[in-house]
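Colleague: Residue numbers (the working numbering), protein chains in the order written: chain A, 5 to 288; chain B, 5 to 288.
Hints were generated in silico from the structure; no laboratory data involved. There's no promise every hint is true.
If chains are identical, the list can't say which one is meant, so a pair holds when it fits in one copy or spans any two.
Stated by the list, open to error - Listed below are the simulated SDA-like cross-link pairs for lysine to any residue, each with C-alpha atoms no more than 20 Å apart in a straight line:
hint	residue 1	residue 2
1	K115	G136
2	K163	R48
3	K202	D253
4	K119	Y137
5	K8	S170
6	K183	L109
7	K183	A110
8	K202	A114
9	K202	W229
There are 2 protein chains.
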Amino acid sequence: MILKGGVVRESLDVRSKDYIMSRPAFFVDKYIAILLLSDDVASRAYVNLKQKKGIELGIRVDIVEKPNENDVKNVLDMIDEFNNDSNCLWIIVQLPLNESLTPHLATILAKIDVKKDIDGLWGALLGYSQIGYVNFLPATPRAVVEILKHYKIDTIWKKITIVGQSNLVGKPLAMELMKQGATIFSFNIYSDQDVMKKCCRRSDIIISATGKLKMINKDYLHSQWGQTLIDVGWWKINGKASGDMDFNDVKDDVFAITPVPGGVWPVTVSCIFANLIDMIEMFG
Amino acid sequence: MILKGGVVRESLDVRSKDYIMSRPAFFVDKYIAILLLSDDVASRAYVNLKQKKGIELGIRVDIVEKPNENDVKNVLDMIDEFNNDSNCLWIIVQLPLNESLTPHLATILAKIDVKKDIDGLWGALLGYSQIGYVNFLPATPRAVVEILKHYKIDTIWKKITIVGQSNLVGKPLAMELMKQGATIFSFNIYSDQDVMKKCCRRSDIIISATGKLKMINKDYLHSQWGQTLIDVGWWKINGKASGDMDFNDVKDDVFAITPVPGGVWPVTVSCIFANLIDMIEMFG
Chain A
5 MILKGGVVRE SLDVRSKDYI MSRPAFFVDK YIAILLLSDD VASRAYVNLK
55 QKKGIELGIR VDIVEKPNEN DVKNVLDMID EFNNDSNCLW IIVQLPLNES
105 LTPHLATILA KIDVKKDIDG LWGALLGYSQ IGYVNFLPAT PRAVVEILKH
155 YKIDTIWKKI TIVGQSNLVG KPLAMELMKQ GATIFSFNIY SDQDVMKKCC
205 RRSDIIISAT GKLKMINKDY LHSQWGQTLI DVGWWKINGK ASGDMDFNDV
255 KDDVFAITPV PGGVWPVTVS CIFANLIDMI EMFG
Chain B
5 MILKGGVVRE SLDVRSKDYI MSRPAFFVDK YIAILLLSDD VASRAYVNLK
55 QKKGIELGIR VDIVEKPNEN DVKNVLDMID EFNNDSNCLW IIVQLPLNES
105 LTPHLATILA KIDVKKDIDG LWGALLGYSQ IGYVNFLPAT PRAVVEILKH
155 YKIDTIWKKI TIVGQSNLVG KPLAMELMKQ GATIFSFNIY SDQDVMKKCC
205 RRSDIIISAT GKLKMINKDY LHSQWGQTLI DVGWWKINGK ASGDMDFNDV
255 KDDVFAITPV PGGVWPVTVS CIFANLIDMI EMFG
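Just chain A, with the same shape it has in the complex (with noise of 0.2 Å):
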């Protein structure tokens, strides 16, 4: 089976959107900020993309490049207006920031009201969800969670690898796939390959997050089992899009995989706003 994003994207944004065209006078003066703070291309193609889907949503989103966004005391300010204006709903600060802003990562999302951290970047709303208060994960791994959720692939008492212990990815998935009971292999680019192997053997389920073109491959499946592949990875060697799984290798030998281009990256963007409605509905 092939886990196709489209469908799930949509079924999220239906979701979105009705809540939003349902709460007309909550929503009319309300917007997101993103805080464009770098020259990187890719970024602001995201950023595009985040904006595009909050129009098709019917929520504004206000992108802010400031000509000195060197000014670490500027990009403070602007933060803080942001979070006295009862209308801006949320903040985000595309990363990576520009060199000479690296430096301030810390103090820059530290700055952020954890209410409208709807990245989850300064760590509290992770925290939060880690104790079980609240039910936060940022928008890649939950792009991930909402694809098994669709395809009705359990995670709960299984067995899973996770491939890669960043912040924004590995770290809150496994945190999420724990709490849903999960037994949890968590790998990173140090780890010793041939343990890495024979625990995707077996795992039901492996999520790929690594960044190491087409590594896992028919060598990392169990021969017979169904298992289901996430890769979360995105490469694009002469034009052509592919992931950290080598997906003709392994596609005939696995129950469920998702493709790249067309599986996890789609709904990333959509996450961003059903974890913005989902907020709402906590914090009011």
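Mind docking chain B on chain A? Use the hints.
Modeller: Frame of chain A, contents of chain B only:
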């Protein structure tokens, strides 16, 4: 090697005491408030231990019991008072709560000012630490890490099995050891025992906080490879304490092991005060 907790406790206490004595003007009116809201005998004993340790280290610890402990509003008001009292450094709500308060657990813990939440129960500190902004570990997982550090048992890039996924021990320990670059195998009570055994055999370090008496025996170990075992379990059978590991069965086959009693638990209370010192240094 037997990893005795006593020396680790002593070195942590010396550091805490030196710090407190070096800042007499700061600490003179400061105190820690412990809310004891149940009749649980073990809780009372543990709270008394904390108070005794505080006195030993030079900081006042107030145990607060209220006759109307069943009144949620009263409990929340008390917490508010401590939040607003600048002399109150930390607020500890001793768990478990009594039965009538248990449904209000989240509300009660949420009331504690993040910067006074020494136990990290409310999650925000865990999230901050997950992101890497602060280093924070609740007392019990910190005790595990302090023992490993004291005995110079390296965790970087190691394979580590953690049996147990609780909010207080298993989850924060997994996050912390991921930050240190370890490969993590995380199990819960529903996990496949056969896979757990295989992962244990492959691990450099096995940490058990699962609450199954003497579950880890020779079957779980590699026959030649010197492994380190950390036992967070605590059981009292016929007046004799023992842990999650079958100490006598495994002790000759491992590189190092914490005994029960005398291993992890004596270090935990000292870790509360070590956390106190670190948080004062971080947040002022």
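Colleague: Work down the list of hints and note, for each, if the structure agrees.
Modeller: Cross-check of the supplied hints:
{"no.": "1", "hint": "K115 with G136", "verdict": "between (24 Å within a copy, 16 Å between copies)"}
{"no.": "2", "hint": "K163 with R48", "verdict": "neither (37 Å within a copy, 39 Å between copies)"}
{"no.": "3", "hint": "K202 with D253", "verdict": "within (18 Å within a copy, 28 Å between copies)"}
{"no.": "4", "hint": "K119 with Y137", "verdict": "both (14 Å within a copy, 18 Å between copies)"}
{"no.": "5", "hint": "K8 with S170", "verdict": "neither (24 Å within a copy, 34 Å between copies)"}
{"no.": "6", "hint": "K183 with L109", "verdict": "between (29 Å within a copy, 18 Å between copies)"}
{"no.": "7", "hint": "K183 with A110", "verdict": "between (27 Å within a copy, 16 Å between copies)"}
{"no.": "8", "hint": "K202 with A114", "verdict": "neither (40 Å within a copy, 42 Å between copies)"}
{"no.": "9", "hint": "K202 with W229", "verdict": "both (14 Å within a copy, 19 Å between copies)"}
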